[in-house]
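Undergrad: Protein chains in written order, with this note's numbering: chain E, 9 to 184; chain D, 48 to 172.
Honestly, the hints are just simulated from the structure, not real lab data.
Be a bit skeptical, because a hint or two may be false.
Quick list of in silico lysine-lysine cross-link-like pairs, DSSO-like style, CA-CA up to 27 Å [stated by the list, open to error]:
| no. | chain 1 | residue 1 | chain 2 | residue 2 |
| --- | --- | --- | --- | --- |
| 1 | D | LYS93 | D | LYS69 |
| 2 | E | LYS157 | E | LYS183 |
| 3 | E | LYS183 | D | LYS93 |
| 4 | D | LYS69 | D | LYS85 |
| 5 | D | LYS69 | E | LYS157 |
| 6 | E | LYS183 | D | LYS69 |
| 7 | E | LYS183 | D | LYS134 |
| 8 | E | LYS71 | E | LYS35 |
| 9 | D | LYS134 | E | LYS35 |
| 10 | D | LYS105 | D | LYS93 |
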Amino acid sequence: MSTEYYNRLGRIPWAKISEHPDHFLRKTSRPQSDHALQEPSRMTEAAVNTWLEHWVARQGRGKLPLMLIDPSTDPSFKTVPGASSKKGKKRMEWVEPDDNADDGVDEDDASNGGERSGERSASAAPSGTYSERLPGGPPAPRDHAETRKSRREFLGTLSEDGEYRRLLVLLGLAKV
Amino acid sequence: MLIVMQQGPLSGHPPLPWASWKSSNSYLPPGFHATSGKESYSALVKWLSNEPVTTRDKSLASYQTIETVALSVGLAMRDIAAIQFQKDSILPPHVVNSPLQFRQHEALSHCTQNILRGWEDMYVT
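Build out the structure end to end from the sequences listed, making use of the hints.
TA: See the structure below:
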């Protein structure tokens, strides 16, 4: 469970939101759909519309469209995997919802607390420990350094970014 | 001054220390994820601003140089993407706690676009 989500300047842990939306969003803020909330550029149009339509519908009923779970007020969030590795970095800053009237008293949130608690107790292990070579981690440059071809193949795995791919094209034009 | 004279394949601007084919790291070191320093993201952006794919006589740099530029950009993009899309449980703590965000990925892409300008009309389609 990351706390960075609550920092106005922090990153949004999309992978964790996608995996455990119940850790981040109140049940009523989530549509009854198989579409996971992900980094928007990775969502299909249908998925984006599903989420947006749900929030708009809530708004139309006078409800807060999106309510985040505040770990600072939830006793079950006291133990946050990975938090011990932050070494004093003050990254957590809870962003209050725009209206407290709707927070925590929504139609089906009463049962939501138990659901979340149960899943959190079985949540994933904390972050791994850094080492030069992480088990299951991505390959290192050295693994592919032997030949020009293997280096080129390795470079091709690093990013799908369009500008980066164009940079790789230059390799075919440069003098060896 | 010494660095400038020791040009080697990278025309006066040595790459960041981690941009090496000798590296056996799965992820970039904590120095890259620091807010400043010679190994940091900021240092990478500054290095790229020197247009390392272009030589002083405005010709295309050597294969080795471009390969190193690609390694630098690619490894940086891979780390930043991992911050966003990988589970924390398989990332080292300094990557989990990195201040880098996806907008830095976009900025890096923009830097790459800048260093390609001038070459794209001739070579890159």
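Undergrad: Does the structure keep D/LYS93 and D/LYS69 at a Cα separation of 27 Å or less?
TA: Holds, because 23 Å separates the two Cα atoms, which is no more than 27 Å.
Undergrad: When you check the alpha-carbon spacing of D/LYS69 and D/LYS85, does it fall within 27 Å?
TA: Given pair D/LYS69, D/LYS85 holds - Cα atoms ~18 Å apart, limit 27 Å.
Undergrad: Hey, D/LYS105 versus D/LYS93, does the alpha-carbon distance stay inside 27 Å?
TA: Answer holds: D/LYS105 to D/LYS93 is near 19 Å, not above 27 Å.
Undergrad: Holds or violated: E/LYS157 and E/LYS183, Cα atoms, limit 27 Å.
TA: 15 Å, holds
Undergrad: Is the hinted pair D/LYS134 and E/LYS35 satisfied, with a Cα-Cα distance of at most 27 Å?
TA: 22 Å, holds
Undergrad: Mind checking the alpha carbons of E/LYS183 and D/LYS69 for me, to see if they're no more than 27 Å apart?
TA: 22 Å, holds
Undergrad: Between E/LYS183 and D/LYS93, does the CA-CA distance stay at or below 27 Å?
TA: 25 Å, holds
Undergrad: Assess, step by step, whether the Cα of E/LYS183 is no farther than 27 Å from the Cα of D/LYS134, and give holds or violated.
TA: Distance of about 40 Å is beyond 27 Å: violated.
Undergrad: For the pair supplied as a hint, E/LYS71 and E/LYS35, confirm whether the alpha-carbon distance does not exceed 27 Å.
TA: Holds, at roughly 13 Å.
Undergrad: Is D/LYS69 within 27 Å of E/LYS157, Cα to Cα?
TA: 16 Å, holds
Hint violations for this structure: number 7 only, all remaining hints satisfied.
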